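According to the numbering used here, the stretch in the sequence shown is residues 117 to 282, in order.
Keep in mind that a hint or two might mislead.
[Stated by the list, open to error] Derived DEER-like restraints, expressed as beta-carbon distance ranges:
#1 272 to 203: 19 to 29 Å
#2 141 to 240: 19 to 29 Å
#3 175 to 272: 39 to 49 Å
#4 183 to 203: 19 to 29 Å
Hints are computed from structural coordinates only; laboratory data are not their basis. Every value quoted in this text rests on a predicted model; they were computed, and no experiment measured them. The beta-carbon is built from N, C-alpha and C at its ideal position, and this holds for glycine as well.
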Amino acid sequence: MVTQKHWIRGTCPAALAGLAITTGALTLAAVRLRRNMALTEQHRLHFALLCKAMEDEALAAVLDTYDSEVPPDRHRQFLFANALYTNALHAYRTGAMSLGELYGHLRVMCQNPIFREYWEATRHHRASLRRSSEEAEVGRVLDGLARDLRDADTDEWWVVGHPPTD
């Protein structure tokens with residue numbers, strides 16, 4: 117009988133602790149899943165709105181918040197550049213891509229002069245981001261990458277910059 121009580125006293129708290137850890141892990145997983153589902157739904161809506169704006173100049177005019185005049189064709193290209201960027205950002209936010217993988221995608225995007233022009237034209241858009249946000253972090257990474265590529269004295273763009281460690 118003493119052995120049984122000792123086993124219950126020793127095992128019960130351990131079992132409860134294990135249950136609490138498992139419950140916490142499942143709760144955290146559920147929170148992450150809900151966050152990713154919300155981000156994915158927001159991304160779908162953002163992309164649908166961008167598609168509409170790319171097809172209709174009157175709707176695209178609503179998104180013209182640049183400091184200088186941007187011709188309609190270039191504006192549609194900027195909207196597409198935004199769609200490419202936010203797609204990569206979404207993949208990073210949801211864990212489908214690591215920061216290092218994102219860096220590689222951004223490096224390729226920066227090879228396009230229209231994308232670089234879009235990035236510079238939207239610099240003031242990013243100024244209002246909370247400094248600690250994922251989007252602000254990625255923006256700083258891309259700013260540094262664009263600067264490194266601009267200042268590089270090599271044509272081997274794939275070796276320029278310092279990829280972040282994951």
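Status of the hints after comparison with the structure:
Against the hinted window of 19 to 29 Å, the Cβ-Cβ separation of residue 272 and residue 203 comes to about 26 Å, which satisfies the hint. Checked against the hint of 19 to 29 Å, the pair residue 141 and residue 240 fails, with Cβ atoms roughly 42 Å apart. For residue 175 paired with residue 272, a C-beta distance near 41 Å keeps the hint of 39 to 49 Å intact. Distance hint check for residue 183 and residue 203: the Cβ-Cβ separation is about 25 Å, which falls inside the suggested range of 19 to 29 Å.
Hint compliance for this structure: hint 2 is the single one not met.
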